[in-house]
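Start from the sequences, fold in the hints, and give me the full structure.
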Amino acid sequence: MAGLAGRLRKRPPKYSAAALAWKGLRGQSWPRVWRDCDLQRSYDAVVIGGGVHGLATAYYLARNHGMTNVAVLDKAYLGSGGSGRNTAIVRSNYLTPEGVAFYDRSVHLYEQMAVELNINVMFSQRGHLTLAHSDASLRTMHWRAEVNKLGGVNSSVIGPDEIKKECPSLDTSDHPRYPIQGALYHPPGGVVRHDAVVWGYARAADHMGVEMHQKTEVTDILCEGGDGPDGKGAGGRVTGVRTNRGDISTPIVINCTAGWASLISTMAGVRLPITTHPLQAAVTEPVKMFLPTVVVSGSLHVYVSQTDRGELVFGASVDPYANYSVRGSLEFTEGLAGHVLELMPGVSRMRILRQWSGLCDMTPDYSPVMGFTPVDGFLVDVGWGTYGFKAAPVSGEQMAEAAATGRTPKLIEAFALSRFDNGELVGEKGAASVGH
Amino acid sequence: MTMSRQGVQPTEVIDRAAKLRFRWNGKRFSGFEGDTIASALAAAGEQIFSRSMKYHRPRGILTADYWDPNLMVQVGDDPNVRAGHRLLESGMDVRSQNAWPSLNRDIKAANSLLGRFLTAGFYYKTFMRPQWLWPTYERVLATFAPGGKIDLDTPHAYHDKRYTHPDVVVAGAGPAGIEAALAASSAGASVMLVSHEHSVGGHLRYSSAAADQAALAELRTALDASDVEVLTDSTVTGRYEDNWLGIVQRNHPIAVERLIKARAKTLVAAPGLIERPYVFEGNDRPGVITSGAARRLVNLWGVKPGERAVVFSANAEGDAAVADLERVGTEIAAVIDGRTGGSISSTRGSSRAVDAVVADGASIGADLLVVAAGWTAPTSLLNMAGDRPVYDPAAARFFPSDPPSNVLATGGLAGDAGLDGLRQHGAATGRLAAARAAAVRHRLQSRTARALPVDGDEPAWAPDERAPLGRDPHPELYRADTHGMVDMSEDISSKDLVAAAHEGYDSVELAKRYTTATMGPSQGKLETVNTVAAIAEARGETISQVGTTVWRPPYAPLTLGALAGRMFEPVRVSSIHPWHEANNVSIIQAGQWLRPDHYGDPAAEVRNVRENVGLIDVTPLGKLDLRGPDVPKLLSLLYVNKWMKLGVGRVRYGMMCAEDGVVLDDGVTGRLGEDHYMMSTTSSGAGGVWEWVENWLQTERPDWQVHVTPVTTAYASINVAGPKSRELMSGVCEGVDLDAEAFPYMTVREATVAGVAGCFMWRIGFTGELSFELHVPAGHGLHVWEALMEAGSDLGVGPFGLEGQRVMRLEKGHFIVGQDTDGLTLGPSTGLGSLIKLDKDDFAGKPELAWAADRSLPMVVAIQPDDPDVVPEEAAQIVRGDTNEILGRITSSRYSPTLNRSICLGQVEADLAAGGTKVTVLLESGERIGATVIDHHAHFDPAGERLRG
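Chains as they are written, first to last, in this note's numbering: chain A, 164 to 599; chain B, 868 to 1816.
Do not take every clue at face value.
Stated by the list, open to error - Residues from chain B that keep clear of chain A, each with C-beta distances beyond 10 Å, as calculated:
1. A1078
2. S1093
3. E1193
4. R1194
5. V1202
6. R1219
7. R1298
8. N1450
9. G1555
10. V1575
11. D1709
To be verified - Stretch-level coverage of chain A by chain B, calculated; a stretch enters the list once three of its residues show a Cβ under 8 Å from a Cβ in chain B:
12. 186-193
13. 441-454
14. 503-515
Just so you know, the hints here were simulated from the structure itself, not pulled from any lab data. Since this is a predicted model, take the numbers as computed values, not measurements. Every residue, glycine too, gets a C-beta built ideally from N, C-alpha and C.
Put into structure tokens, the structure is as follows:
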């Protein structure tokens, strides 16, 4: 009955300066951020994937809909996938009205998050510059700015002088091979401490009774009544999941994975229009703060920000080939370094400390897939490409609503799987391909 | 601790005759050639080299080598320099990095008093309210960022790269690595030996034992006599697929740092072992050093590390340190033997004292504590090759498990032996590496297309018959009975890690992320195993159960400058460019090209083309020369329209869609001969379309006989446009009848122009005027341009630029792919739906276009603002009345000098696409204006009478 006992446990201590001081004085330790639970035989809902999306979904299921008999399963540790590999940029200056409305809600939730989850996620709204190096990309920036304005998002096109003011480290002269001709400036954009978001959702969900199960790999999704083998596929319904720790029965399975999203969905007989590409990133040694904003250059395939620890964090566009490898390549760091130096020649003496990569599930229109599938009880929150982290709060909120009510919330109607059948694609390629 | 320079040591690497002067925090110091920055400062009695990140605790020498976390300094504009490794140079300006106002008196050291409140991850638990104060908190936290300062005026100095294909690369130049290199070279392999240190020899360099010195001399002599290429002060930073190696060379005579990219047939990993610090209370006090640091200081630089030492030794290295210290006169207060249960539990004392407290609580007075507690195996390169190392508790370190067969480990990484045993294993490894490299070389040659015949059969893959190295027993010494620093650069103690594990961050990856242990500049070389040990202890598990983190490239950090090298992105100009520059041109950067935007007055240029004749340089226009009997099939596959019946001399417009039906490119293709076609693409699409064509041919239709040659820059292209263009052309062309009937619209002819043979020209144009598009062998471009200018002087000929062309194409309503279309614009949305022939067997995008055929899609339309003087911005949104609902947008807009009014192209929802529809345009200023969709795309000459002329 560990699960029941867990659900009835007392609310653990809140984080605060006073609590830190008190525990420091008394030499007390803090309780576990989330419990170690025994795996139950059945749950009201099972979330596959213990990253920000899965954890946010579980959190909102409990918080907004009172569904607490929920398990989040992860084959490794919480936040081991894209949640811990992204470059932690949050923004809402997208290109389509649907994208703008959706990400604007996400930024709003990020702004509330530290207080709501009672953990400092260090949301640093330091401003976000998307550079234009040609009149063609400047034209796209104007387009985005206009759509953003209509969506109530703070975003405008600024010229080299103003860019220099916001971010003196950039070379705004006309010498470089790719001179900076202007930028889309988005003051509310910034960076978040990504791991803290993972832990914050896990901790808050745990407080309400949700169970987190690490090292628990889903090996099959159990279905009945579908038109495919083993009752899988369209027209069927979900009955449970099979894991490396035994079978679980549940009427609702939510696929919140990245990298393996298409393979997991195939377990329920649902095919997704997704190809998986690695996206590489790297970090330098720390230096004293000198880069005040987030800087993105689509033409140069690079985005960069400086962490509060002083490191520069870089990311690129996805590798051009589909691949499940997360090893990283030498050529990537070479290209990246060249492009960063094009923007900021002064950092040539900084040293790359570590490179890594994560897996990105790309859809044909560079927009995610959220909501119901032809298999009853099997929901997806997938296809997040390179922009999943910044959407975690809002997608969790909306997915929870869909799972709990059985209806698709308006905010995510445009992102339904069925759009690939009826052709109503959501074109975010322009804002998302390197749009961090 | 009082360090000082001693008499000449037989093994020292300094040249006492060469004195170097430098500055340290503004004060004058001197050292000798061969000193590192740290050894020179230590010899001068400096104790404190840095302040720690969080508590600003004073830090001194720990390992006295590259990985020493306490020896990061700023040298001029170069931040985070490893003072334990960087050689001293005359005139260096060296500064400490993380202290204010000074290294000895640092205000933030007050944080030490708050240590109990500032446990790892404390910042996650506070600073949440009030929310508006967070930016201020953040600014304060950010002042704790460690590291040096960036000087934004630092020039991007010269960095070169080198590409090489050696048979064998040996990473690490200790005795085993040198033997491996020598043996592989003797076996006929080309060998590159990469030494992280400034000279080869590994641990022999700082051993005063006569046998070791004799062996070192012998190995160096043998290397000098061999064909092995030796790189010193260089590191193999990464091993990627198929032994693709990144090597950073830090001592190149010209480049600040050089990246060497090597495709090795076999890689020998011989990095030796890294000495692991021991965790106990006060283990980060200046004066607590590793045994290796003590031996390096004494033997390499003649520095006595202290006057009175306690040595904690659990291995032969520690014992050797005792002997070295005694030789330079350091009094040995006590030797605590870790092999027989002795332990150190803490240190005490004031600034220059490091009193060691041993297990029974007794305090031994000293100014130096030397620790030899064990080894970490730097398995990084093997990890990068996919190997997962395995922990052996009896030897207290990780060993390789099953690296791929083209990666071989030797030396301390592979096991233990006496010097002779290590050398023999190294030599056997080198022979094996050479044999396998020979097999790879044979395979590469014999399996490469068009390779010359290779001698003999492919050698068998040599079996690994090396006698394995042993594993010396070593006590598992990670932490004493007290807590101390695990990660010096991050200020993370074992107590922090235990607390994190109890909080639930109990896997090594979670603990690493939560506490930031191992995230600092040495990337876990000194810290990872102690971190794992602390977590294992907290969980009551073994080190094997907890496992280790994944080591990622680079093994040693390298500069962005070295990685970037020189940027090979040429600026492209046409052969006519000098004329433009001499004629008041205003240049626009378009992709890689610099192009004439206008020559002073674009409106006048437009009027001149409409009235007389103008020339535009359109060289960047993409051109693909297609030959072979199957070209029509290729064209039918890639364009949406039909191509099987294009006659010789005819030209046709085509639109390409991607497989999702989205417009990819457009242009004209002409048939120059029976099996010879010329395809033109948009300027920005030139590269992409070539790849697209090759991709289809190579992966989908390899049986088709088509030969593709990109000839964009082989021709200079000139469009001659205007009512007087035929008259102009007739003055310079030979061998072609320019008459409208002989050379009608949409045909192509070869000709000799201004004496230049081999030109071809087609009767097309983007401007809507009678025009001839000339393609001239590139070398003659300038000559032909000048000839046209001269011949047309009576006709009022003048140049026009991209801006004029854009105005005229907009007057004609021609869309530009990528400007008037976007990543979602399907073929029919362009208004050219009738071009799409769904009755063709197959073509790229057909299923999507068939699907789209009966759907209402957003459309590209021509729009005219009701007020002819208002030119909406390109990007202005089309909205529903006074609402913010978006119904479309303006994609192109200009003021037309021909029509004297503003004209636009835009994309609108399907139900607004009919001619005469009134729309509302939201200007950037916020003003909403009325506009009208017109019947056809062309604002001017919709019937096209002028261009057919």
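Hint-by-hint comparison with the structure:
With a cut of 10 Å on Cβ distances, B:A1078 stays outside the contact zone with chain A, its closest approach being about 39 Å. Here B:S1093 stays apart from chain A, with its beta-carbon at least about 28 Å from theirs, past the 10 Å limit. The beta carbon of B:E1193 is kept farther than 10 Å from every beta carbon of chain A, the shortest such distance being approximately 39 Å. Every Cβ of chain A is farther than 10 Å from the Cβ of B:R1194; the closest lies at roughly 37 Å, confirming the non-interface assignment.
At roughly 35 Å from the closest C-beta of chain A, the C-beta of B:V1202 stays outside 10 Å, upholding its exclusion from the interface. No beta-carbon of chain A is positioned within 10 Å of the beta-carbon of B:R1219; the least distance is around 30 Å. For B:R1298, the non-interface assignment is confirmed: its Cβ lies about 29 Å from the closest Cβ of chain A, beyond the 10 Å cut-off. Separation of B:N1450 from chain A is adequate, the least Cβ-Cβ distance of about 21 Å exceeding the 10 Å criterion.
With a least CB separation of 12 Å from chain A, B:G1555 remains clear of the 10 Å interface cut-off, as annotated. Interface exclusion of B:V1575 from chain A stands, the closest Cβ pair being 20 Å apart, more than 10 Å. Separation of B:D1709 from chain A is adequate, the least Cβ-Cβ distance of about 20 Å exceeding the 10 Å criterion. Counting residues of the segment 186-193 of chain A whose C-beta lies closer than 8 Å to any C-beta of chain B gives 5; at least three are required, and the coverage claim holds.
Interface restraint, the segment 441-454 of chain A with chain B: holds (7 residues with C-beta to C-beta distance below 8 Å; minimum three). Residues of the segment 503-515 of chain A with a Cβ under 8 Å from some Cβ of chain B number 12, which satisfies the need for three, so the listed coverage holds.
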